[in-house]
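Given the coordinates of chain A, work out where chain B should sit on it, guided by the hints.
Taken in order, these protein sequences are the chains called A and B. Final position of the first sequence in the working numbering is 269; the numbers increase by one with none missing. Final position of the second sequence in the working numbering is 324; the numbers increase by one with none missing.
Please note that the accuracy of each hint is not assured.
What the hints assert, rightly or not - Partial list, derived from the structure: chain A residues whose beta carbon lies under 8 Å from chain B:
1. Q93
2. E115
3. L119
4. M215
Unchecked claim - Estimated spans, in silico, between C-beta atoms of each pair:
5. S151(A) / G18(B): 19 to 27 Å
6. P105(A) / V157(B): 47 to 55 Å
7. S137(A) / A314(B): 50 to 58 Å
8. E25(A) / K158(B): 47 to 55 Å
9. G147(A) / L62(B): 53 to 61 Å
Note that these hints are calculated values from the structure, not bench results. Heads up, the beta-carbon is just placed ideally off N, CA and C, and yes, glycines get one too.
Residue-level listing of the chains:
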Amino acid sequence: MHGLVRVENLVKRFSKTRLAGPNQEVRALAGVSFSILRGTTLAIVGESGCGKSTLALCLACLERPTSGKIWFEEREISGLHEKDRRVIRRQIQLIFQDPANSFNPRWTVLEILTEPLALTGNLRGEEMRSRAGGLLSQVGLSPDMQGKLSSELSGGQRQRLAIARALALEPKLLILDEALSALDCSVQAQIANLLMDLQGSLKMTYLFISHDLAMAAYLADEIAVMSHGQIVEQGAPEKILKQPQSRITRELLAAVPRLDFSPHRTAES
Amino acid sequence: MMRYLLRRAAHAFFLLIGVSLLAFAFTVLAPGNYFDEMRLNPEIAPETIAALRTQYELNRSLPVRYVHWVSSVLHGDMGFSFAYNTPVAPLLLVRARNTLLLTVTAMLLAWGIALPLGIWSAEHLGRLPDRLVSWGTAALLVVPDLALALGLLVIAVKSGWLPTGGMVSLNFDRLPFFGKLRDLLLHMALPVAALVLSVLPTLVRHVRAAMAEVLDAPFVLAAEGHGLRRRTLLYRYALPAAANPLISLFGFSIGTLLSGSLLIEVVMSWPGLGPFLLEAILARDIYVVIGGVLLSTLFLVGGNFLADLLLYWADPRIRTETGP
Chain A
1 MHGLVRVENL
11 VKRFSKTRLA
21 GPNQEVRALA
31 GVSFSILRGT
41 TLAIVGESGC
51 GKSTLALCLA
61 CLERPTSGKI
71 WFEEREISGL
81 HEKDRRVIRR
91 QIQLIFQDPA
101 NSFNPRWTVL
111 EILTEPLALT
121 GNLRGEEMRS
131 RAGGLLSQVG
141 LSPDMQGKLS
151 SELSGGQRQR
161 LAIARALALE
171 PKLLILDEAL
181 SALDCSVQAQ
191 IANLLMDLQG
201 SLKMTYLFIS
211 HDLAMAAYLA
221 DEIAVMSHGQ
231 IVEQGAPEKI
241 LKQPQSRITR
251 ELLAAVPRLD
261 FSPHRTAES
Chain B
1 MMRYLLRRAA
11 HAFFLLIGVS
21 LLAFAFTVLA
31 PGNYFDEMRL
41 NPEIAPETIA
51 ALRTQYELNR
61 SLPVRYVHWV
71 SSVLHGDMGF
81 SFAYNTPVAP
91 LLLVRARNTL
101 LLTVTAMLLA
111 WGIALPLGIW
121 SAEHLGRLPD
131 RLVSWGTAAL
141 LVVPDLALAL
151 GLLVIAVKSG
161 WLPTGGMVSL
171 NFDRLPFFGK
181 LRDLLLHMAL
191 PVAALVLSVL
201 PTLVRHVRAA
211 MAEVLDAPFV
221 LAAEGHGLRR
231 RTLLYRYALP
241 AAANPLISLF
251 GFSIGTLLSG
261 SLLIEVVMSW
271 PGLGPFLLEA
281 ILARDIYVVI
291 GGVLLSTLFL
301 VGGNFLADLL
311 LYWADPRIRT
321 ETGP
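So here's chain A without its partners, still in its complex pose:
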């Protein structure tokens, strides 16, 4: 069975040109390889600064990798011309961490949703409105919200709106770049369940990028742990949680907050 996405030895270097002295070079990705099967979720987990977001931008065709290959539906996309990359971009949508900055602050919910809709089809006024309404109810928002500004919504509503906007283009791959990290716990759980429901009904493929190993284990079929631009450990969630092989995985595991009500501890204290 072939994957939807296959990444091979991806490298991304950023260089800062200076007027004097040698150029500084930052290696964000140092040879990353993985693949994602259709309809499944791969979680990439790592500390901040390990290259997760750069990976997301490269996959979404928003950055060009320095070297390496990305196959999307058996087509190499990293070396394509800008014009073709624009078409590919529609099939790979990104959801960002901070839903407050993800929308044009002047636009109403309807305008936010019709921007991608206007790109895809030849929908006219009324059709557009009903399609927008459909998208809103798909993510659990009320269709009456169309006239509101994004600043009038709560954090969770904004993230639902971001998902609705991404769905408007009917993407095959959804990249969630720390998409739950800015939300509080109960809202995180709601959005996570929404994502699972959508995956079930739309057969979508997710790349879930996070520093939260517990949430990754809950959502993903497979977890890859990243550190310093490389994947240090990869496997099924149970395996990663139960038998962490690398130091970085153990550190990430220790960072997961836990409610521990085991009887002997309460007796001790």
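Here is chain B on its own, set in the frame of chain A:
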């Protein structure tokens, strides 16, 4: 909307009254007047001067003269010019027209260049195009307007390509229509170039800063991720989002249409408000001076008012803040 408009209009009205009071008081209270120099002339009898002073109410008290002046403004003649012996308004209007011909052309050109240049610079932030623009605007900012105007004049004189003063040639009346147009444009070239170069760096830097901030926002990245064209993204998507500070700046540009070119007009002997007001100030032709100040203020207030209206129209957030 109505309340917002009314509040803005009331604001503008009181500002105009305040400026007119101050301009009037300062100009009238300044030592010396138009007829002082006549006294040195032995051929003019002191009685004649005294009669003229009475005729022009120079002996009356300040409040009385202010009230009379205001009523003459309301009748549309803005007082009397001592030097020209006619009402001020028609004199000012001709000069203001000449000034506007210059400044409106320069403003449109400057914005027409600044927008694409600033956007181009912001698009390549920190890379070579951006650095070129930054250095270029820095160099222009360092050179004083006067030096810039003089430099252009030197070039024109040495090369002989362009006329170096005035608005039309001596034989203007005999030229055919297109000859007239060409003559006028040739005369405008130097002062317009000087004006454009003097305002361009500020405009470019504002456009660059506003665009750079918006292009950095995730919502632009999201839009790019939807597969928008680069041009659409920059001009239809990012530019409107960056527009607020630029609209305010545009209002300011309109506000300075009458006052921004005075120096360059004097240097390049353009028959606009600049040389006219300078002459009036030196001769203490007070009503001309006050009229000039008031007209410039009217533009400044009008420009800001227009900017407020444009902001209101362009940004739904301001609309919700100020209520319907």
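**Request:** Please name the hints from earlier in the document that this structure breaks, with their numbers sorted from lowest to highest.
**Result:** Per hint list: 4, 5, 7 violated.
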